[in-house]
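S.K.: What follows is each chain in one-letter form.
There are 2 protein chains.
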Amino acid sequence: MSKLLLLAKKFNCFYLKGLATGECKPFIVEGIQVGLIRPDVLQQLLNFPEVFSVTSEYVELNPAFRNYEERTIKVDEVLRKLHSDQKFVTLKGWRNECYEVKRHFSSSSLLQMDRCATCLFGIMNYGVDITGYVKHPTLGICIWFQKRAADKQTWPGYWDNMVGGGLSVGHGILETALKESQEEASVSRELMKNLVSAGSVSFFYESQRGLFPNTVFVFEIELPLDFKPINSDGEVDEFELLPAADAIDRICSSNFKTTSAPVVLDFLIRHGIINIENEKELLRIIELLHVPLQTLYNNDITKKLSLGIKENGESQPVE
Amino acid sequence: MSKLLLLAKKFNCFYLKGLATGECKPFIVEGIQVGLIRPDVLQQLLNFPEVFSVTSEYVELNPAFRNYEERTIKVDEVLRKLHSDQKFVTLKGWRNECYEVKRHFSSSSLLQMDRCATCLFGIMNYGVDITGYVKHPTLGICIWFQKRAADKQTWPGYWDNMVGGGLSVGHGILETALKESQEEASVSRELMKNLVSAGSVSFFYESQRGLFPNTVFVFEIELPLDFKPINSDGEVDEFELLPAADAIDRICSSNFKTTSAPVVLDFLIRHGIINIENEKELLRIIELLHVPLQTLYNNDITKKLSLGIKENGESQPVE
Chain A
1 MSKLLLLAKK
11 FNCFYLKGLA
21 TGECKPFIVE
31 GIQVGLIRPD
41 VLQQLLNFPE
51 VFSVTSEYVE
61 LNPAFRNYEE
71 RTIKVDEVLR
81 KLHSDQKFVT
91 LKGWRNECYE
101 VKRHFSSSSL
111 LQMDRCATCL
121 FGIMNYGVDI
131 TGYVKHPTLG
141 ICIWFQKRAA
151 DKQTWPGYWD
161 NMVGGGLSVG
171 HGILETALKE
181 SQEEASVSRE
191 LMKNLVSAGS
201 VSFFYESQRG
211 LFPNTVFVFE
221 IELPLDFKPI
231 NSDGEVDEFE
241 LLPAADAIDR
251 ICSSNFKTTS
261 APVVLDFLIR
271 HGIINIENEK
281 ELLRIIELLH
291 VPLQTLYNND
301 ITKKLSLGIK
311 ENGESQPVE
Chain B
1 MSKLLLLAKK
11 FNCFYLKGLA
21 TGECKPFIVE
31 GIQVGLIRPD
41 VLQQLLNFPE
51 VFSVTSEYVE
61 LNPAFRNYEE
71 RTIKVDEVLR
81 KLHSDQKFVT
91 LKGWRNECYE
101 VKRHFSSSSL
111 LQMDRCATCL
121 FGIMNYGVDI
131 TGYVKHPTLG
141 ICIWFQKRAA
151 DKQTWPGYWD
161 NMVGGGLSVG
171 HGILETALKE
181 SQEEASVSRE
191 LMKNLVSAGS
201 VSFFYESQRG
211 LFPNTVFVFE
221 IELPLDFKPI
231 NSDGEVDEFE
241 LLPAADAIDR
251 ICSSNFKTTS
261 APVVLDFLIR
271 HGIINIENEK
281 ELLRIIELLH
291 VPLQTLYNND
301 ITKKLSLGIK
311 ENGESQPVE
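Taken in sequence, the protein lines are chains A and B. Reminder that position 108 of the first sequence reads as 108 in my numbering, one-by-one numbering, no gaps. Reminder that position 180 of the second sequence reads as 180 in my numbering, one-by-one numbering, no gaps.
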């Protein structure tokens, strides 16, 4: 099989396999599915019945919580307990940086949650990535990559895209792009005027840590030949500029951050470097770069709960 | 609602609505689903039991046909009969130009069928589109559009992308791009060296004519400011160059070919003209530009038939 299709299947391992097993239960807040919960997480949530009610079909956040603030506080208390009890690997990396919890990107947020915990609940994750590239006179398009610092909480020492970051509570998309490009690679404000929004990629990855339904707002910037990224926040060990063919090898290698590969693949496809003449699985790959996350949680349980229709088909309030 | 999301829903009307009704039955060839058949078409196929066997679950091409050639001939005979009996609007436009019938793009073809008939069977349709644009010093990115000739079989007199064409039997993708750009817009071979492959869009549209699960290989070409497309095959009435903002109005207007809008939307997103700052439904729109057609027909019936498993779960040859 095409190695790029294999890669696209790898970063969609949950979408292609985990989802259909039915092992994960919908996570419902205010009658709306906002996530999926694995059996190991569900087991721990059973210890907090005043916060999470667990049925055979789904896990629901106590609907008695009145608003965004109360939901946020109650969930945070549980997570801090699980953190101090060392129940989950991912909670070791407590960030004090929160993500919004909502059904899809343009809907209103129901609560916020520390970013290290969102993968326990399969919460939709939004980020920003910037591909920095140069048009080399003889080598053609070359792409800048960063090597993540060895002490990063996630994917330490792995190769990654030049600039990237999660969309935290209170920060805009363009704002995040500007901030991260400054902190991670010292791209000047002047150069950043050449930043181009180029769409998004969406995929659903699973690792030992949890579930990652990720959507990345994709940006690109053409850089001068003599530009060199310089890290200023200590989160990057080194940068390297690679011609397109080497970039393909890099993203396929085992020391590349799996969840950053989609952005590079998308860039290489948009610029014609990967095309139907050299990649016969191009169409499958493109579809796997845009899996329908925005409607994935628009499921039967959400409908049933919001309509108050029970199994037998009668319409009545949800108990 | 966002007018661009409305547009994306319009060219995916079958994907978002028709598909779930279950009214259309899978069309099976050699144990593989290659299409979907509407009730009005199914009704006519009942008159050809030696070619099509119709069950409550699906329509199957007679598996006794031995090979590609025999399948092609037998189906063609039925279609010519339906054509001469004037059973379907779409068959009026007999093309003498065939499309391959296969499960997905990279699988081998099972038969060929006149292109006007493929929408009766919901056969996956592949095409090529080239967006011709200029970088104007004051107006920014401007896009060339064509007005289709008033005597075209489909979408006569509608506005359309600069160059486009279906992928017929025996023609390659790049070859089709080169041929169409020559015939439709007289883009010189020299200029065509600047052609860039930029991925694909996929969507599932339905009209009175039939079902259109369309995948378009997307190309773009930056043209000189003084370039003017000239039609040489009589299929275009006029060309017009529009600044990006006007291009958005054009594709949303009722006189734009609905099934060409995805290519323009994708172009405008890839070039940052439509972005999350000015279109809050950007993510939904991008997902609707890449619906998973390549795996859509990989369904339960195909699995059941290929495994020979009957309703009761026993494994045995298909009758």
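To be clear, the hints were calculated from the coordinates, so they are not data collected in a lab. Positions of the beta carbon are idealized from the N, C-alpha and C atoms, including for glycine. Do not rely on the hints blindly, as some may be mistaken.
The following residues of chain B were derived to be distant from chain A, with all beta-carbon distances above 12 angstroms [unchecked claim]: (1) G18; (2) S56; (3) A64; (4) W155; (5) V201; (6) I286.
The calculated PhoX-like cross-link candidates involving lysine-lysine, where the alpha carbons are at most 20 angstroms apart (straight line), are [as the list claims (entries may be wrong)]: (7) A:K280 - B:K102; (8) B:K135 - A:K193; (9) A:K9 - A:K280.
S.K.: Does each hint hold? Answer for all of them.
M.R.: Hint check:
no., hint, result
1, G18, "holds, 16 angstroms"
2, S56, "holds, 23 angstroms"
3, A64, "holds, 31 angstroms"
4, W155, "holds, 24 angstroms"
5, V201, "violated, 9 angstroms"
6, I286, "violated, 5 angstroms"
7, A:K280 - B:K102, "holds, 15 angstroms"
8, B:K135 - A:K193, "holds, 17 angstroms"
9, A:K9 - A:K280, "holds, 15 angstroms"
Checked against the numbered hints above, the structure breaks hints 5 and 6 and satisfies the rest.
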